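K.L.:
Letter by letter, the chains look like this.
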Amino acid sequence: MANSVEKQANVIGAPFGAHSPKRLGGADLFAIRRPLPRTVSVVLSVSFFVLLFAGWMVISATGMVSDFFLPSPSQVLRSAWEMYTEKGFLWDIAISIYRVFVGFCIAASVALPLGLMMGSVQFFRSLLEPCLAFTRYMPATAFIPLLVLWLGIDDAQKFSVIVVGTFFTLTLMVMVSTTAVSLTLIEAAIMLGAKPKQLIFKVILPAAKPAIFNDLRIVLGWAWTYIVIAEIVAASSGVGYVILSASRFMDTATIFVGIISIGIIGLISDLLFNISGRYLFPYLQRTRS
Amino acid sequence: MSDIIRINRVSKTFGEGASMVTAMEDVSLTIKAGEFIVFLGPSGCGKSTLLRMIAGLSDTSRGSIMVDGRAVDGRDPSVGMVFQTYTSFPWLTVQDNIGFGLDLANTGSRARTEKVDSLLKRVSLTRFAKSYPSQLSGGMQQRVAIARALAVEPQILLMDEPFGALDALTRVEMQTFLLDLWSQDQKTVIFVTHDIDEAMLLADRIVVFSPHPGRIAEIIDVDIPHPRTIDETEREDFDRLRHRLRRLLFSMAKNAA
Chain A
1 MANSVEKQAN VIGAPFGAHS PKRLGGADLF AIRRPLPRTV SVVLSVSFFV LLFAGWMVIS
61 ATGMVSDFFL PSPSQVLRSA WEMYTEKGFL WDIAISIYRV FVGFCIAASV ALPLGLMMGS
121 VQFFRSLLEP CLAFTRYMPA TAFIPLLVLW LGIDDAQKFS VIVVGTFFTL TLMVMVSTTA
181 VSLTLIEAAI MLGAKPKQLI FKVILPAAKP AIFNDLRIVL GWAWTYIVIA EIVAASSGVG
241 YVILSASRFM DTATIFVGII SIGIIGLISD LLFNISGRYL FPYLQRTRS
Chain B
290 MSDIIRINRV SKTFGEGASM VTAMEDVSLT IKAGEFIVFL GPSGCGKSTL LRMIAGLSDT
350 SRGSIMVDGR AVDGRDPSVG MVFQTYTSFP WLTVQDNIGF GLDLANTGSR ARTEKVDSLL
410 KRVSLTRFAK SYPSQLSGGM QQRVAIARAL AVEPQILLMD EPFGALDALT RVEMQTFLLD
470 LWSQDQKTVI FVTHDIDEAM LLADRIVVFS PHPGRIAEII DVDIPHPRTI DETEREDFDR
530 LRHRLRRLLF SMAKNAA
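So the sequences go chain by chain: A and B. For the first sequence, the residue numbers in our numbering are 1 to 289. For the second sequence, the residue numbers in our numbering are 290 to 546.
No lab work stands behind these hints: they were computed from the structure. Keep in mind the model is a prediction, meaning the values are calculated, not measured. We put the beta carbon where it would ideally sit given N, CA and C, even for glycine. Hints should not be assumed to be uniformly reliable.
As the list claims (entries may be wrong) - Simulated pairs of lysine-lysine, DSSO-like, Cα-Cα distance not exceeding 30 Å:
id: 1; chain 1: B; residue 1: 410; chain 2: B; residue 2: 321
id: 2; chain 1: A; residue 1: 195; chain 2: B; residue 2: 543
id: 3; chain 1: A; residue 1: 195; chain 2: A; residue 2: 209
id: 4; chain 1: B; residue 1: 410; chain 2: A; residue 2: 202
id: 5; chain 1: A; residue 1: 197; chain 2: B; residue 2: 404
id: 6; chain 1: A; residue 1: 197; chain 2: B; residue 2: 419
id: 7; chain 1: B; residue 1: 410; chain 2: A; residue 2: 195
id: 8; chain 1: B; residue 1: 419; chain 2: A; residue 2: 202
id: 9; chain 1: A; residue 1: 209; chain 2: B; residue 2: 419
id: 10; chain 1: A; residue 1: 197; chain 2: A; residue 2: 209
id: 11; chain 1: B; residue 1: 404; chain 2: A; residue 2: 202
id: 12; chain 1: B; residue 1: 404; chain 2: A; residue 2: 195
id: 13; chain 1: B; residue 1: 419; chain 2: B; residue 2: 404
id: 14; chain 1: B; residue 1: 404; chain 2: B; residue 2: 321
What the hints assert, rightly or not - Here are a few chain A residues that sit away from chain B, every Cβ distance over 10 Å (derived from the structure):
id: 15; residue: 60
id: 16; residue: 65
id: 17; residue: 132
id: 18; residue: 185
id: 19; residue: 265
What the hints assert, rightly or not - FRET-style restraints, in silico, Cβ to Cβ:
id: 20; chain 1: B; residue 1: 508; chain 2: A; residue 2: 33; range: 47 to 55 Å
id: 21; chain 1: B; residue 1: 310; chain 2: A; residue 2: 182; range: 21 to 29 Å
id: 22; chain 1: A; residue 1: 47; chain 2: B; residue 2: 310; range: 57 to 65 Å
id: 23; chain 1: B; residue 1: 367; chain 2: A; residue 2: 217; range: 40 to 48 Å
id: 24; chain 1: A; residue 1: 105; chain 2: B; residue 2: 410; range: 43 to 51 Å
id: 25; chain 1: B; residue 1: 398; chain 2: A; residue 2: 271; range: 51 to 59 Å
id: 26; chain 1: A; residue 1: 182; chain 2: B; residue 2: 518; range: 49 to 57 Å
id: 27; chain 1: B; residue 1: 526; chain 2: A; residue 2: 195; range: 44 to 52 Å
id: 28; chain 1: B; residue 1: 518; chain 2: A; residue 2: 37; range: 45 to 53 Å
id: 29; chain 1: B; residue 1: 323; chain 2: A; residue 2: 217; range: 48 to 56 Å
id: 30; chain 1: A; residue 1: 275; chain 2: B; residue 2: 398; range: 28 to 36 Å
Using the sequences plus the hints, can you model the full thing?
P.N.:
This is the structure:
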């Protein structure tokens with residue numbers, strides 16, 4: 001019985017094409033909302049990376065663009081090797097990760113309870129939402145000069161840039177995710193005798209957790225933008241600082257390595273979120289409807 | 290049998306001023322302990338609204354509702370509810386869903402286990418004790434919801450179109466299952482539906498509501514003895530009742546149009 005239910009669930013979960021075609025014609029590749037065989041999907045994803053890389057190689061090989069502006073792949077690879085083995089770039093990455101981690105944890109540790117309360121109790125929402133929505137539109141980067149004046153150029157300033165850049169929006173996102181918890185679910189718990197505190201911690205929080213987890217994943221990506229800006233403005237270490245000093249020496253290859261490295265870090269953190277999500281929310285596999 | 294629910298001249302309005310809508314006007318009804326009552330009516334007749342007021346999830350605008358001698362003021366421990374949408378907690382296994390109300394009340398672990406196990410057996414879900422709701426069919430999910438409501442031992446069970454989202458076959462299966470369950474402990478049940486056959490199969494009394502604003506149009510006794518099965522619905526007196534209810538509901542639809 002369970003088995004047949006699961007099979008059914010898979011069909012329901014699939015996009016509305018009932019089956020993928022046995023032999024792929026050209027038109028089938030572009031059919032609307034029809035799933036492609038997994039191998040085809042993987043080949044497509046990989047080939048775009050290959051294409052990009054090939055294009056880059058061709059452009060540098062032909063000398064269309066001076067390698068001062070666009071270093072060749074081999075230059076970038078050489079640069080990466082030097083940076084990671086000799087110049088201690090790993091240390092700069094570690095410092096940036098540390099700053100992002102602390103800044104993001106500070107922002108999240110306030111944003112989570114606040115967003116949860118705002119999404120659960122109208123009082124807190126009316127009190128805080130307009131103010132947060134207003135502050136959210138102030139660009140975090142505009143605060144950097146002010147934060148340098150207040151906090152100097154130490155790590156405290158780096159943390160604060162990340163907090164200013166992520167806290168307000170994260171709070172509002174958590175609030176929205178909390179509000180999305182179905183009222184019937186809450187009423188069902190009320191009818192089982194749940195008191196307000198139990199409603200928040202035993203119903204609303206666990207129900208909103210997967211969505212909140214996703215909010216964190218998205219906002220963590222922004223934290224990386226802010227840390228690099230903060231390090232470019234005023235720092236003596238970190239990925240942003242390395243990028244800035246490379247530009248002073250017109251070392252474009254190093255800038256490339258810095259930027260690509262951040263992309264890879266982002267990819268890895270996404271992966272970690274996805275894997276831990278699977279452990280934290282085992283019940284989200286094979287969801288019906 | 291003693292009266293367990295007294296609904297006295299209850300009205301319900303939504304909104305204020307010019308946009309005020311009267312959902313229910315001057316409804317009075319007395320329900321005896323152990324009765325199986327069905328609220329039947331077209332959508333917009335206020336049957337679910339009245340159920341929510343009995344549950345304490347919604348206030349009355351005028352009039353009063355007494356449950357077990359107490360005026361309704363928020364959720365009463367003697368009232369349990371099953372909803373139309375699937376309301377199992379998706380992050381809890383079937384057994385933890387059923388034990389949810391017991392956990393809220395800090396029930397001791399042995400009493401909890403015994404209770405949950407016996408309920409799992411009653412709703413035939415023992416094999417699925419450790420499954421998550423997303424792995425269950427719609428009928429099973431509603432059985433979890435029923436078991437979960439029964440776990441805290443309410444005297445009154447309110448059911449708001451609980452089988453509305455199920456396919457026709459599962460629906461009949463669930464109706465029979467519910468009758469079976471009810472025959473074991475004779476709780477007072479109020480069951481909301483717009484399905485005539487469902488109402489006839491289940492009810493001791495059918496309270497028919499008319500819409501705009503919601504009022505009680507008629508109260509009909511169903512004199513067919515329990516235990517009932519689906520075969521009963523083919524009896525002649527059932528046919529007569531079916532015609533009568535159909536005429537009643539369709540005349541409302543005409544008046545509304």
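K.L.:
Hints first: check each against the structure and report whether it holds.
P.N.:
Checked hints:
no., hint, in the structure
1, B:410 / B:321, "holds (29 Å)"
2, A:195 / B:543, "violated (45 Å)"
3, A:195 / A:209, "holds (20 Å)"
4, B:410 / A:202, "holds (26 Å)"
5, A:197 / B:404, "holds (25 Å)"
6, A:197 / B:419, "holds (27 Å)"
7, B:410 / A:195, "holds (29 Å)"
8, B:419 / A:202, "holds (19 Å)"
9, A:209 / B:419, "holds (21 Å)"
10, A:197 / A:209, "holds (17 Å)"
11, B:404 / A:202, "holds (21 Å)"
12, B:404 / A:195, "holds (22 Å)"
13, B:419 / B:404, "holds (16 Å)"
14, B:404 / B:321, "holds (27 Å)"
15, 60, "holds (51 Å)"
16, 65, "holds (53 Å)"
17, 132, "holds (28 Å)"
18, 185, "violated (6 Å)"
19, 265, "holds (30 Å)"
20, B:508 / A:33: 47 to 55 Å, "holds (51 Å)"
21, B:310 / A:182: 21 to 29 Å, "holds (24 Å)"
22, A:47 / B:310: 57 to 65 Å, "holds (59 Å)"
23, B:367 / A:217: 40 to 48 Å, "holds (45 Å)"
24, A:105 / B:410: 43 to 51 Å, "holds (47 Å)"
25, B:398 / A:271: 51 to 59 Å, "violated (39 Å)"
26, A:182 / B:518: 49 to 57 Å, "violated (35 Å)"
27, B:526 / A:195: 44 to 52 Å, "holds (48 Å)"
28, B:518 / A:37: 45 to 53 Å, "holds (50 Å)"
29, B:323 / A:217: 48 to 56 Å, "holds (53 Å)"
30, A:275 / B:398: 28 to 36 Å, "holds (33 Å)"
Comparing the model with each numbered hint stated earlier shows that hints 2, 18, 25 and 26 do not hold.
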